[in-house]
Amino acid sequence: MSSRIGYIAFNTFREAVRDRVLYNLIAFALLLSATALLVGQVSIDIERLVVVNLGLTAVSLFGVLIAIFIGIGLVSKEIDKRTLYTVLSRPVRRWEFVVGKFFGLTGTLVVNTFFMAVGVFVALLSVAHRFEKMDVPVLAAVYFIVLQFFVVCALALLFSSFSTPLMAAVFTFALFVIGNLSQDLRGFAKTVPGVSGWLANAIAYLVPDFSALNVIGQAAHGDPIPGRLILFNTVYALLYSAVAISGAVLIFQRRNLK
Amino acid sequence: MSAIEIIDLEKSYLVGFWRKRPKLALRPLRLTIEEGEVFGFLGPNGAGKTTTLKLLMGLVFPTGGTARILGMDMDDPRVKSQIGFLPEQPYFYDHLSARELLNYYGQLSGMPARSRSARVEEMLKRVGLSDAAGVELRKFSKGMLQRVGLAQAVLHDPKLVFLDEPMSGLDPMGRREVRDLIQQLRSEGKTVFFSTHILSDAEALCDRVGVIQNGELRGVGAVAELTSQSQGKIEIIFHAQKVPAGLTALGAEARVSGDMVNAVLPDAQQDAALDLLRREHIRLISLAPVRRSLEEYYLQKLQPAENRKGAVV
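Going down the list, the protein sequences come from chains G and E. Okay, so the first sequence: first residue is 1 according to the numbering used here, each after it adds one. Okay, so the second sequence: first residue is 1 according to the numbering used here, each after it adds one.
None of these hints come from the bench; they were simulated from the model. Because the structure is a prediction, the values reported are computed rather than measured. Heads up, some of the hints might be wrong.
[What the hints assert, rightly or not] Computed list of chain E residues with no C-beta within reach of chain G, every gap over 12 Å:
no., residue
1, 16
2, 65
3, 77
4, 107
5, 164
6, 184
7, 249
8, 250
9, 258
10, 267
[To be verified] In silico lysine-lysine, BS3-like type, Cα no more than 27 Å apart, as pairs:
no., chain 1, residue 1, chain 2, residue 2
11, E, 139, E, 125
12, E, 233, G, 81
13, G, 258, G, 77
14, E, 139, G, 81
15, E, 125, E, 159
16, G, 190, G, 81
17, E, 159, E, 139
18, E, 139, G, 77
19, G, 258, E, 142
20, E, 125, G, 77
21, E, 23, G, 81
22, G, 258, E, 23
23, G, 258, E, 125
Glycine included, each C-beta is placed from N, C-alpha and C at the ideal position.
Next comes chain E alone, as it looks inside the complex (with noise of 0.2 Å):
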């Protein structure tokens, strides 16, 4: 069973003050996440990834289409209580602590109240928030109501959960502490569909992602293979002042760092070099060969005016 499975979902508002006109969010997207699969859905700000999240969640209602989660209609309320949704720059409660919030969510997730306690107490301590649980969340800093919103996500052991934008505005720590809670997620089995478009983390933690733009779905790859296509080209490292003469002829771009050159040269050339390398008794520090960045392929999806935007790395 799949875990996620869309079917033409689409989204379109209706603009304009007088005449009224549809204007399409997301195109009809169909998508297939498996079961304990952690899949990233990239794209520039504006591309969909939030409207498509919103539809899964029946915040906003589809134009056409449908999707089935965890093998329930989108619509049946028995799915809310096998999922966990962290929304975008998420905002709580001014007055409540944390502890009374994830209690309170506890409650109505159905939680029952004598595992409900515990379960709040150890959310708090696995997101690092032990210490400030009785504190009112108005006090809280960005990073800290993040971290709210991965606990109130996971608080009641969902089987599936949505993150959008998850290391949104967290500095570098923060951000190592998402991808671990995500890594552990994956290691209990859980379903991860998060939203991103910092490609670093996607391509730490995904098994597979999918590129959006302008509300339509350019690509599904698992970013294992994206990331191990040969370029047709190898990347040697060695120990040496300057570019030998020969190597240039080879077809390599080379450049000097330090008492180490990078060079990058068609694969064809690779015996070629390196007997080169050795007859100049230049030692050798590594040879692999060039393969295709989640980045390289993001670019690639994305149609030319968006690529020099959206991107962060």
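Isolated chain G (complex conformation) (with noise of 0.2 Å):
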């Protein structure tokens, strides 16, 4: 990897984290935290479902929430400002450059969620007391959310390559919307004969799969995660993530920066 690219990342985590918007996202997901707990507290029997669902749950929205704004103002927000100029009449190529600031916003992401979870297993062992065997799958549940984070912020980049920022924030979210749902739509196009049902399976299977990246239910429930469903999830987030970095890349390299 080019150390130019270890720079921009370095740089752009270093943004990030200097914002003040950053941290009122990040305070409110640890407050939902706080707040699943105090749900937890007066549902009887079910606390560490209760905890586990809508801490993780906050932990997702909030966590696609900075990656779509932050991911959507990447590279448009350095070419209405100008910093890029200054950026690119240096020995920087312009795929480093958007692959450099995929990696800064991944990495903002993936320190972030570090201490959402944190929060969450502070509520977790609040109401628990000591950690269980049954808690493993929500560690694989927050691994899933950075998965999702990883697709979210190369669909923002993507977005953002060729739209408005406003724009590329609606087909993100979009996006995120209808691959949480691609299972009932992979379901719905099995019901629809022809043209239609065959339209729907292919929208299905081209929108990204959220919903296999989202087991908070399993989680919660202490269900197990398979080690297959782990390997399957990481090498199709990495995928699609790299199918969609090497369009914003593609649709970049020709980009008259005016």
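Please dock the two separately framed chains into a single complex, following the hints provided.
Set out below in structure tokens:
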């Protein structure tokens, strides 16, 4: 990996970490974990279920919001503010810039998720007083959430490479919602005959399968997450992200920076 | 070897919503800048100066032609390590300090870690920002940002420096500092290509200038030659309360300012005018041929519609 990608990634990380908006979102997520704790305490016998469900949903939702809102501005903000001019006038290739930006944001999200997940585990510890074997799937669920962030970041970058930040946010969020319903879409495709069914099936396979990356329910019940699923989801998320980033690079390579 | 060789570089954009049509931003441009030269690219706003710089920086892609920079093709990645660029009204990462920003750019330029820190401090000192080196850039004034911009442009000791409107938005002291920096670059043997519409700066700094208007190069010339061309007139200044009778008859245009008279007349009348002053026992202060200013050259090269705007002296 080019060292320039590392420098750009670190600078992106540093900029994001120093942005106060990020802390507001993390504070909201931790607040939601605390709320989960309160709700858990009044939910007799299902405290753990409520804490994991609400806590991880908060981590996922706020992480996706951060991924979208920072992701769409990663490149467009640099063009608008012309910070990109002084970067690209150096021996930096455009693809290195896009890839560096992607790693910077995903790195930021990994660190954020770590802190938000710590919040969830603290909440979990306070209702159960100790960690158990059934808490291991929660770690897998957190890992899958991070994989979701990778895909969302890549999509935000892709859409922002050819559209306005607002449209890029709309497209990315729409794909996130549709991707969470992709299993339902596949089920629907089987019930519809002809071209419509084929089309629904194609869309279901084309959109990112976020539903497969969502195992919060299973983790909340303490159901084990199969190793094969972890491997499959890892490969799937990385490949999907790589394709989206490649698309962003291809578009950005040809773009005139007016 | 030429520092920059622009060969029919051309740029057009597609405009219109439904029926796209090409709009020329830069007509085929042919221009050569020699090594060690300070070249001023003059023109009113929207003339094509920034487009040319963006093309050379690879920020926009040409629709025709090419350029060679320091003997290499403009697309050659090696070019970038030998050039520095200051964009117009530069803006940098808000949350970084000037020191962090320069360090980041040094990393991207491939400067070795050992020499980088020392060079960053040297540049901060050179542009007078040592005291504010740790302050976040969002707290910087426009003038301070411009200084950071200049520092980043020359940080990696490039052979060729492109400056887009480097004096724009600066107070007189800031302009003076930029002038000094450009002169220092010249003394170090660097090639400087800068765009401006401030003619006095161009006249003071440039070896040669090019005038561009509506995306078309109107003329190129050496400043020394352009401003040394005699207009066929002389200017005489002498002590007097009023214009002596007889001077007007020699075709002089004179004006009285306090106890001095400034008169411009055809150079063929020089001896006659001096004889007249001697006869009247008037003390002569100066006599000099009237030379063309860069402003006159600039206005002459621009089309009449543009003559009324864009020129700031």
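Exercise for the section: For the pair supplied as a hint, residue 125/E and residue 159/E, confirm whether the alpha-carbon distance does not exceed 27 Å. Expected result: holds (21 Å)
Handout entry: Pair hint outcome, residue 258/G versus residue 23/E [Cα-Cα no greater than 27 Å]
Key = Holds, because 14 Å separates the two Cα atoms, which is no more than 27 Å.
Practice task
Below or equal to 27 Å on CA atoms is what counts here, so check residue 23/E against residue 81/G.
Solution key: The hint holds at about 25 Å.
Exercise for the section: Take a quick look at residue 77/E and tell me if its Cβ sits farther than 12 Å from every Cβ on chain G, holds or violated. Expected result: Violated, since 6 Å does not exceed 12 Å.
Problem - Proposed proximity, residue 77/G with residue 125/E (alpha carbon, max 27 Å) - result: Between residue 125/E and residue 77/G the Cα gap is close to 30 Å, so the pair fails against 27 Å, i.e. violated.
Exercise for the section: Could you grab the alpha-carbon distance between residue 190/G and residue 81/G and see if it respects the 27 Å cut-off? Expected result: violated (48 Å)
Handout entry: Restraint check for residue 139/E with residue 77/G, where alpha carbons must lie at most 27 Å apart
Key = holds (19 Å)
Handout entry: Given hint residue 81/G paired with residue 233/E - CA-CA distance at most 27 Å
Key = violated (51 Å)
Handout entry: Claimed clearance of chain G by residue 250/E, with the beta carbon kept past 12 Å
Key = holds (57 Å)
Handout entry: Proposed proximity, residue 139/E with residue 159/E (alpha carbon, max 27 Å)
Key = Between residue 159/E and residue 139/E the Cα gap is close to 32 Å, so the pair fails against 27 Å, i.e. violated.
Handout entry: Claimed clearance of chain G by residue 184/E, with the beta carbon kept past 12 Å
Key = With a cut-off of 12 Å, residue 184/E remains clear of chain G, as the shortest Cβ separation is near 21 Å.
Problem - Claimed clearance of chain G by residue 267/E, with the beta carbon kept past 12 Å - result: Non-interface label on residue 267/E holds, nearest chain G Cβ at 49 Å vs cutoff 12 Å.
Hint violations for this structure: numbers 3, 4, 5, 12, 16, 17, 20, 23, all remaining hints satisfied.
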